[in-house]
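With chain A fixed as given, assemble chain B onto it according to the hints.
Number of protein chains: 2
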Amino acid sequence: MSAGGSFRTLRLLVMVSLCVFISFSAAAASSPAQEKDSAMENIVTEKKAEESHRQDSADLLIFILLLTLTILTIWLFKHRRFRFLHETGLAMIYGLIVGVILRYVVQVPRDASVVSTNCFVNASPATLLVNVSGKFYEYTLKGEISANEVNDVKDNEMLRKVTFDPEVFFNILLPPIIFHAGYSLKRRHFFRNMGSILAYAFVGTVISCFVIGLLMYGCVVLMKQLGQMGEDFFFTDCLFFGAIVSATDPVTVLAIFHELQVDVDLYALLFGESVLNDAVAVVLSSSIVAYQPQGDNSHTFEVMALLKSFGMFLGVFSGSFSLGVATGIVTALISFLFTKLRDFQLLETALFFLMSWSTFLLAEACGFTGVVAVLFCGITQAHYTFNNLSPESQDRTKQLFELLNFLAENFIFSYMGLTLFTFQNHIFNPMFIVGAFLAVFVGRAANIYPLSFLLNLGRRNKIRSNFQHMMMFAGLRGAMTFALSIRDTATYARQMMFSTNLLVVFFTVWVCGGGTTQMLSCQRIRYAVSDLQIHCSSLYRVGVDSDQDNSVNGSERRSTKQESAWLFRIWYNFDHNYLKPILTHSGPPLTSTLPPCCDPLARFLTSPQAYENECQLKDDDSDLILTDGDISLTYGDITVSTDATGAHTSGRHASDDLDRELAYGDNELVMRGTRLVLPMDDSEPPFTDHLRM
Amino acid sequence: MSAGGSFRTLRLLVMVSLCVFISFSAAAASSPAQEKDSAMENIVTEKKAEESHRQDSADLLIFILLLTLTILTIWLFKHRRFRFLHETGLAMIYGLIVGVILRYVVQVPRDASVVSTNCFVNASPATLLVNVSGKFYEYTLKGEISANEVNDVKDNEMLRKVTFDPEVFFNILLPPIIFHAGYSLKRRHFFRNMGSILAYAFVGTVISCFVIGLLMYGCVVLMKQLGQMGEDFFFTDCLFFGAIVSATDPVTVLAIFHELQVDVDLYALLFGESVLNDAVAVVLSSSIVAYQPQGDNSHTFEVMALLKSFGMFLGVFSGSFSLGVATGIVTALISFLFTKLRDFQLLETALFFLMSWSTFLLAEACGFTGVVAVLFCGITQAHYTFNNLSPESQDRTKQLFELLNFLAENFIFSYMGLTLFTFQNHIFNPMFIVGAFLAVFVGRAANIYPLSFLLNLGRRNKIRSNFQHMMMFAGLRGAMTFALSIRDTATYARQMMFSTNLLVVFFTVWVCGGGTTQMLSCQRIRYAVSDLQIHCSSLYRVGVDSDQDNSVNGSERRSTKQESAWLFRIWYNFDHNYLKPILTHSGPPLTSTLPPCCDPLARFLTSPQAYENECQLKDDDSDLILTDGDISLTYGDITVSTDATGAHTSGRHASDDLDRELAYGDNELVMRGTRLVLPMDDSEPPFTDHLRM
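Residue numbers (full-length UniProt numbering), protein chains in the order written: chain A, 1 to 693; chain B, 1 to 693.
It is possible that some hints are incorrect.
Same chains, same label: a pair holds when it works inside one copy or across any pair of copies.
To be verified - Subject to a maximum C-alpha distance of 20 Å in a straight line, what follows is the list of computed EDC-like cross-link-like pairs (lysine to aspartate or glutamate): (1) 462 with 392; (2) 340 with 392; (3) 78 with 343; (4) 78 with 259; (5) 340 with 259; (6) 78 with 392; (7) 308 with 56; (8) 462 with 488; (9) 462 with 302.
No lab work stands behind these hints: they were computed from the structure. Please read these numbers as outputs of a predicted model, since none were measured by experiment.
With the rest of the complex left out, here is chain A:
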């Protein structure tokens, strides 16, 4: 059966791929046939709109079938435990193949539907009314095209058709990806390493941006002297390049980490950094674009413009941050107040979805960055709102955003592959490309190593050198870099950046992504993997997102009170004592944490359930997995406290909770998660620890 099954599978794959090309060529062939037909009739406009709609459908269909093909192949890979190529890398390969076919195989006759005209308009309005022999037609502005593109537009309409509006990436595809990242970022290990993550994400990204920018400027100056550079390439362009290429996206690496159960701290550092540096890179790049000195000579250095850019960075970032957090808190409040909403899971899920989406729209409407707002909204939702949802809605929302993330991510990567051949204005300059690879490498090194050294001065739980090498290696570039560089490809400099960035993404995803397993063993980073475990995880990890962090390393257990970061400690106490009781039904009642003078207020704000829950250990950062004997259900982030340990803690204070959680949390994990996790060789039997308490 197995051999026959895989034979059938292959046959089907071939069938599906045939489908892609047949349907595509049908779509391509339908154009000219339709044209003759429509020439005979009067209603030209209607026919044309219909035809263009058909073409759009066919184009989108290509992508959908590409995604389908990717899914089927991924499944084969997963089934065969083939770890050298991640789904995103695969999506790129399929995109490349279709791109080659579109470019070189399919020949479409010159399209007559593009007309160039010289109009007597002194501006370029958003809406244009054209009077064609008495009839009015409405046209909307799509954008400016450079003079050398004009001929391309006329020549190869078909290739232009499969090119999406770049804003689609920013407004439709990125938000679910970023939200999902934020929504998955609800980990004790994240908050424990918060200081280091913030340092890597903020300081590190800025360092990386400027190091890359300076190196590229050197490269550009050299090229100019060698006569290799055709047009202008300013320092701000170099900095912009540095900013957009600093957004790391180690989705491939993290998928393998998750599968191999690699060290949780390393996982948290990489994941946290990559999530937050996306936000930093977006705002940084828009601030660099906004750097606009006064006067005609717009590419000189000016302190005022720099300060303005810096102010803009702070303003946009903090604005987006507060907007995201605010919407998250409003959603938490709604779900907290409308407790009976839990009976109607559909309404609950819909509300959650709409509120999260409105964050994006609100931020964009206010002039902030929607993607950044959505990220912080996701983190807030995971931290507060999630706890107020009914278990079904928790599953539903997780699954919904998981699906959206999966589709959007693979779409972007397959589009990336396609673009390498269908984009019309590639400028591949070998010297620039070599310089860029070097700069990206140096920039990443300048981010990781010095910062790790500084951070290690303050950390008890050091970031070891093999972890540093791994982080260096995991500096993959992905969706964010692509979306930022395709957003504006009007000038020579931007086109060159775009082409180079594509190559950087391809190289890092295929080479670094593919070599993760080798790198892990080369760096002797231990991981706990067995066939049984993979099998278990695929069976039991239903609806649990990809960073469950339930592997237990020996080093974990040594963390004690002194070891936890002071930042985390302050945050934890504030969150546990005040925010959680106000926004969720868990945590101690406010009456016990606020000073006595605030008693009436505390009474008003505390939910009646908080008193009932008081005797329970309801802590949502501990991420336990409940695998009950008979039910194969996994509650990702719900701590169900039914054991004696939990019941004992009722009278204690928050800081004790924290200690206990830090010291013993993982042991409980081992206890409850025994079916999932194989204890490591250096770990003591979990029960001894537990009983000692």
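Then chain B, alone, in the frame of chain A:
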């Protein structure tokens, strides 16, 4: 707590509604301020694009907040068991309110971004390149506007901004609604009443279309003689009106039926008819538009043109039908062959979603009707693919499409409310409106009563007169009528139709929808409702879609072998013996159903699981709900056969299965669903039946 809770709730509602208006006015106010700013700078185009993007975000935000508000209010209604206003009716009311505000309260200065120009173009190309002092700008065709609209475009840009491209409804919002309808149409009662449903949907819709068309033509002729009709209104326009207004959408009525557990046959008839007549109305209306006699005088009667239209109707309908079914079957085959895909629910769900979406795109790309293809794809998916999915994916797909349906439906209805005030070219003609209401009423009557009479001649289980009155009453018009009439509002006739249709929708949704409970008791249609039941259903019906049909009426049980329709019987045998074994893992092995000569083929096609399952009763039409003692999980459509009845049937033939299913299916339902269903007074205790067998 309850009083305090509802007070808080109300306060929050006020807060949220304030939000809507504040954010809206902020968005509205931002335009002029931004304009001054941009005038100072050079990069006008970029600024303009940004501004337009902001405005778009703000517009979309209005709708998102409207939906949020709707959800919160619906929840209040559901919580208070207030049945007079359904969520769709509510969404319309909120839409109306915002429409009034946009129209009369907010004043936006005349926008300078629209420029009218006389270009020397002899056609209206899809893409226009405009040369503005050396720079090229690309414009895309949005559509033709009539001469009298030109001033509106310039005057009230803001109102135009909140107007969506009508194609959005057809290409984005309708498909999930229609797919969900098809995907929920997996009911024994549907297949049992298949003949009647097809009659109502096909014959009935055509009757209704022509009756309404003729009546409206009479009305139009009268109006012309009275001088009330300003411009042309042809007979084809009248027929078109008849076609689009014949698509019923009794979502409100069905929601109440579901809640009140009204007779399942009535439910199946109404639901099945409304799902299928949408498809008929779409294809019918496009065929009427395509009716185009040769020569100049394009509004005379011509047999050839009629035949061409009729051929087109058949071609498009059967094409869309076969495309939808084909994609459904391909998906079923993939999920059947890639059995190990079940281990990766995310991939499975994504694949299902993509394949269903590609149906739509494929149909549109081939020139068929995507909505119709999606409907039949949904039915096929529910019937075959669904059975091959893992239980988690079954839940996931159901929940996903439930959510999409919910959002899209409420969006359309709130947009409908908005359009009443923001649409610029309403033509409300009192005489036409009165005529239309009359015609709609007569058309519905001419559909239901004669057909019911004819059907009753053949049916053993008669459609009683109170059922007929209820079906007559439940002829609500909704999303499909709206989407079809907003699609083209270029001519005078179409504008008048659109305005009239809006009123028809409002009236039927509010009056007929709101009066359903009264009508039910007036018609003495019994229903089983109790507080306990509602409570139970909200608790246990997780992931089960809205037509679970698990109420048991006394009349149901009397159905015997002779009573089932011959159409159903033929279909059931073919499906059970050949299709199910090929496409799913259930059903008898093909080796036992095909003649012996086909043995090798049968062996090749039969899944190994089929032999294992042979001794099980795995019938997926019986829609059982498993409510195990401790787990509050509901498997909507999975029959888990653990009882003795199932084991006994192993050696029987398919027709026995059918009899048993028809005769005893409901009893098993009662047995397993005792926690959900209160036995009716005239039903015998379920156990007696069961033991007797």
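Status of each hint after checking the structure:
1. 462 with 392: neither (40 Å within a copy, 41 Å between copies)
2. 340 with 392: within (14 Å within a copy, 26 Å between copies)
3. 78 with 343: between (37 Å within a copy, 10 Å between copies)
4. 78 with 259: For residue 78 and residue 259, the Cα distance is within 20 Å only inside one copy (11 Å; across copies 44 Å).
5. 340 with 259: So residue 340 and residue 259 pass the 20 Å test across copies only (18 Å; inside, 38 Å).
6. 78 with 392: between (28 Å within a copy, 19 Å between copies)
7. 308 with 56: Cα proximity of residue 308 and residue 56: none, with 42 Å in one copy and 27 Å across.
8. 462 with 488: neither (42 Å within a copy, 67 Å between copies)
9. 462 with 302: neither (41 Å within a copy, 87 Å between copies)
Violation of the numbered hints given earlier is confined to hints 1, 7, 8, 9; the remaining hints are satisfied by the structure.
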